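Visitor: Could you build all of it, start to finish, from the sequences and the hints given here?
There are 2 protein chains.
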Amino acid sequence: MKSSNALIIQSGGSTPVINQSLAGILRESKKLASFTKIYGAIHGTDGLLKRNITDLTNISSLDISSIATTPGAALGSSRYKITQSNATNILNILSDYKIAYLFIIGGNDSAANAKELGTLSKISGYKLQVIHVPKTIDNDLIGTDHSPGFGSTARFIALATMGAGKDAQTMGQSAPITIIEVMGRDAGWLAASSSIGKNTCQDPPHIVCVPEHNINYEHFLNQLENTYRQFGYAVAVVAENSKNEEGIIGKTEKALYEDQFGHKYFEGAGYHLSKLAESRLKVRVRYEKPGTIQRSMVSCISIVDSTEAEMVGTKAVQYALQGANEVMISIKRDQLNSKYSSSTELTPVKNVADKVKYLPANYFDNQNLLPTEDFKSYAIPLIGSPLPIFANLLK
Amino acid sequence: MKSSNALIIQSGGSTPVINQSLAGILRESKKLASFTKIYGAIHGTDGLLKRNITDLTNISSLDISSIATTPGAALGSSRYKITQSNATNILNILSDYKIAYLFIIGGNDSAANAKELGTLSKISGYKLQVIHVPKTIDNDLIGTDHSPGFGSTARFIALATMGAGKDAQTMGQSAPITIIEVMGRDAGWLAASSSIGKNTCQDPPHIVCVPEHNINYEHFLNQLENTYRQFGYAVAVVAENSKNEEGIIGKTEKALYEDQFGHKYFEGAGYHLSKLAESRLKVRVRYEKPGTIQRSMVSCISIVDSTEAEMVGTKAVQYALQGANEVMISIKRDQLNSKYSSSTELTPVKNVADKVKYLPANYFDNQNLLPTEDFKSYAIPLIGSPLPIFANLLK
Numbered sequence: 000m001k002s003s004n005a006l007i008i009q010s011g012g013s014t015p016v017i018n019q020s021l022a023g024i025l026r027e028s029k030k031l032a033s034f035t036k037i038y039g040a041i042h043g044t045d046g047l048l049k050r051n052i053t054d055l056t057n058i059s060s061l062d063i064s065s066i067a068t069t070p071g072a073a074l075g076s077s078r079y080k081i082t083q084s085n086a087t088n089i090l091n092i093l094s095d096y097k098i099a100y101l102f103i104i105g106g107n108d109s110a111a112n113a114k115e116l117g118t119l120s121k122i123s124g125y126k127l128q129v130i131h132v133p134k135t136i137d138n139d140l141i142g143t144d145h146s147p148g149f150g151s152t153a154r155f156i157a158l159a160t161m162g163a164g165k166d167a168q169t170m171g172q173s174a175p176i177t178i179i180e181v182m183g184r185d186a187g188w189l190a191a192s193s194s195i196g197k198n199t200c201q202d203p204p205h206i207v208c209v210p211e212h213n214i215n216y217e218h219f220l221n222q223l224e225n226t227y228r229q230f231g232y233a234v235a236v237v238a239e240n241s242k243n244e245e246g247i248i249g250k251t252e253k254a255l256y257e258d259q260f261g262h263k264y265f266e267g268a269g270y271h272l273s274k275l276a277e278s279r280l281k282v283r284v285r286y287e288k289p290g291t292i293q294r295s296m297v298s299c300i301s302i303v304d305s306t307e308a309e310m311v312g313t314k315a316v317q318y319a320l321q322g323a324n325e326v327m328i329s330i331k332r333d334q335l336n337s338k339y340s341s342s343t344e345l346t347p348v349k350n351v352a353d354k355v356k357y358l359p360a361n362y363f364d365n366q367n368l369l370p371t372e373d374f375k376s377y378a379i380p381l382i383g384s385p386l387p388i389f390a391n392l393l394k
Numbered sequence: 000m001k002s003s004n005a006l007i008i009q010s011g012g013s014t015p016v017i018n019q020s021l022a023g024i025l026r027e028s029k030k031l032a033s034f035t036k037i038y039g040a041i042h043g044t045d046g047l048l049k050r051n052i053t054d055l056t057n058i059s060s061l062d063i064s065s066i067a068t069t070p071g072a073a074l075g076s077s078r079y080k081i082t083q084s085n086a087t088n089i090l091n092i093l094s095d096y097k098i099a100y101l102f103i104i105g106g107n108d109s110a111a112n113a114k115e116l117g118t119l120s121k122i123s124g125y126k127l128q129v130i131h132v133p134k135t136i137d138n139d140l141i142g143t144d145h146s147p148g149f150g151s152t153a154r155f156i157a158l159a160t161m162g163a164g165k166d167a168q169t170m171g172q173s174a175p176i177t178i179i180e181v182m183g184r185d186a187g188w189l190a191a192s193s194s195i196g197k198n199t200c201q202d203p204p205h206i207v208c209v210p211e212h213n214i215n216y217e218h219f220l221n222q223l224e225n226t227y228r229q230f231g232y233a234v235a236v237v238a239e240n241s242k243n244e245e246g247i248i249g250k251t252e253k254a255l256y257e258d259q260f261g262h263k264y265f266e267g268a269g270y271h272l273s274k275l276a277e278s279r280l281k282v283r284v285r286y287e288k289p290g291t292i293q294r295s296m297v298s299c300i301s302i303v304d305s306t307e308a309e310m311v312g313t314k315a316v317q318y319a320l321q322g323a324n325e326v327m328i329s330i331k332r333d334q335l336n337s338k339y340s341s342s343t344e345l346t347p348v349k350n351v352a353d354k355v356k357y358l359p360a361n362y363f364d365n366q367n368l369l370p371t372e373d374f375k376s377y378a379i380p381l382i383g384s385p386l387p388i389f390a391n392l393l394k
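Chains V and W, in that order, give the protein sequences. For what it's worth, numbering that gives the first Met the number 0 labels the leading residue of the first sequence as 0, then goes sequentially. For what it's worth, numbering that gives the first Met the number 0 labels the leading residue of the second sequence as 0, then goes sequentially.
No lab work stands behind these hints: they were computed from the structure. Note that the coordinates shown come from a computational prediction; the quantities given were computed from them, not determined experimentally. Where a beta carbon is used, it is the ideal one built from N, C-alpha and C, also for glycine. Hints may be right or wrong, so weigh each one.
[Said to hold, decoys possible] Facing chain W, a subset of chain V residues (Cβ under 7 Å, in silico):
no., residue
1, 42
2, 71
3, 73
4, 87
5, 90
6, 159
7, 171
8, 173
9, 288
10, 291
11, 298
12, 302
13, 386
14, 389
15, 393
Guide: Structure follows, in structure tokens:
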């Protein structure tokens, strides 16, 4: 039954599977003939405010399939905070386009936007259902077992660590230590994922630094040196916002570079720790930073992640038509049998907005600076097919 | 027919398929029952000099298969220059192990080592056949159409550029420019490979910097800015040893950091160009450096590359038993039909040693700072299965 118009917004950092959620919404909308018109905002809320809106109503199934397998937000994204003062503008635009359903594919900030719009539409009497479709590589959304985007990026990081580890082990004396800086904002889920392929103490990573636990430089360097002395190589994986007692590492150091306009540049935690390690150990320490490659590498997409990203999109349409409002489509891990499966449920966006899901205490061993087996049990099903097992002649 | 003993050395930087060549040698040796004993030097020539040698004669087919699919040099690698003065030592050790065949899996430096050992064994009357099995992600070996290791790393770089490009396009104003620094030593083959997935002028990369052509900062920044103004985003891929008129970029700048021992640290060309771009364009410029991840990511292995890496190993044994000496196993591109195929031939190591195969003039358009269609025709078959085609709603 066609009821009214819908609008889709993609928001925040992109993931390798964010467009699977977009495809899920579009496919289910076509299938159920749910909406008179279905629109997409170009470059998120920024674009919406400029009325930069595209009509997706007649998009072909072929085009949807092509979008689904493309990384990055196909509609374009933005980082925009909806407040009481700018929401009236937004509601006016939604009204002009007769939008009754708003799907926001995004993370914590998007949940806050969904909450704000929900509240203000009620106050102003504008009939709107806001559905938050979760998406973040950082896995820091509360109210869901995990978030679409995390599994694929975790798979990239696990494979990158295994590969870079083999490289460092191979090169031995000429470049025995590698420090990899990964994303994750204020939570250590992605950094911890570097350990998913680690089976023995000789395997990389040998140290993981997460923002939840301040780094003690002496502890870090001792562990790095001990590993190097024992195995002939060492790999540390460092979250971008790793901290020491003074705050985020790098930001509290002397600026590395000052440009002609007086802007100061700081390098991240990985860079600083690599220089520190180089000074201490007097060997070459490689510093690697996959950056946005980690969140857009299609050859590392997890089938589980990709399937669930579409699932939350599909379910968003179904729940919306059942009257859901101001909710996030959460993923629930089914515990019925040993084979991993998942389903969805609803979480009020007010419970998610502006909150961060940190790595729980039992997922990280701060003494050994390594994720625990509990973390691995949690993360392994999410990265899809099993990781390869590498040979080792250099025992 | 068993004749005598063989030794395998892996040398220089690793590749995702260097162990396919090792597997090729081991499989063919087992199949032909060629050698009484087959040894491997642990950590290359360095290990050989310490008599750190492992006996691979009875290695199982299962173990060979496991080694074949592992990145990094399974035997360990080193960077060691064989000279007239240390070669006598090496020949003594080879003599103690009754080595009649020496297989060196390596790049330009290894060809020089092969040449040196060949010359000195003749002078000293020690009967030795030295076979160079090519390997380098840099693709800078002359005397071969291309080198095993290049295709897989090129595939990684092409996919990384496509993905990071989609990310930058998606993020638009909040992070519209990305500079990716890739390897390649003094040649631009890998940087050029970032263009393999580029189909339109809007697709990334928009600028490629190769060591063969000095960068003019003004030209670079103008092109970056024009692209950004036109398409809302821009991606530049920069080879690690890109130069300006003063030499390698970064090395001629002020040191970024000086540690407590007085060691000075310089960042690479990509870092410098990103800071330069940030100053000029006043927008966030992301700097990404996949480092050894690009040469060890198993999910990007090219089937063609992997097959050819095994082929040169297999052929090395066959040619050795036919009496070949001081030769490299070259790959020849067959031009018989439109479908890509390749075979092997022999090139004297003296023609390869210490030489560098640069990107030819017709493979790079220095006016537009982009690889040409000729380069793409050359490289496309080497990366294996076709790259995905991404959707674009942000035209």
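Visitor: Report holds or violated for the interface hint on residue 298 of chain V, using the least CB-CB distance to chain W and a cut-off of 7 Å.
Guide: holds, 4 Å
Visitor: Would you settle whether the hint for residue 173 of chain V is holds or violated, based on the nearest Cβ-Cβ distance to chain W being less than 7 Å?
Guide: holds, 5 Å
Visitor: Can we keep the residue 87 of chain V interface hint, with Cβ of chain W closer than 7 Å?
Guide: violated, 23 Å
Visitor: Mind checking the CB of residue 73 of chain V against every CB in chain W and telling me if the closest is under 7 Å?
Guide: Because about 5 Å separates residue 73 of chain V from the closest Cβ in chain W, which is inside the 7 Å limit, the hint holds.
Visitor: Under 7 Å is the threshold here; is the Cβ of residue 171 of chain V close enough to any Cβ of chain W for the hint to stand?
Guide: The hint holds - residue 171 of chain V has a Cβ within 7 Å of chain W, the shortest such distance being about 5 Å.
Visitor: Do the numbers back the hint for residue 288 of chain V, that is, is its least Cβ distance to chain W under 7 Å?
Guide: Nearest chain W Cβ about 5 Å off; hint holds.
Visitor: Does residue 393 of chain V pass the interface hint, meaning its C-beta sits closer than 7 Å to a C-beta of chain W?
Guide: Because about 5 Å separates residue 393 of chain V from the closest Cβ in chain W, which is inside the 7 Å limit, the hint holds.
Visitor: Tell me if the interface restraint on residue 389 of chain V is satisfied: Cβ within less than 7 Å of some Cβ in chain W.
Guide: holds, 4 Å
Visitor: Quick check on residue 90 of chain V please, does its C-beta sit within 7 Å of some C-beta on chain W?
Guide: Hint on residue 90 of chain V: violated, closest Cβ of chain W at ~23 Å, above 7 Å.
Visitor: Restraint: residue 386 of chain V near chain W, CB-CB cut 7 Å. Satisfied or not?
Guide: violated, 9 Å
Visitor: Any CB of chain W closer than 7 Å to the CB of residue 159 of chain V?
Guide: holds, 5 Å
Visitor: Quick check on residue 71 of chain V please, does its C-beta sit within 7 Å of some C-beta on chain W?
Guide: With a closest approach of 3 Å, the residue 71 of chain V hint holds.
Of the hints listed earlier, those the structure fails to meet are numbers 4, 5, 12, 13, in rising order.
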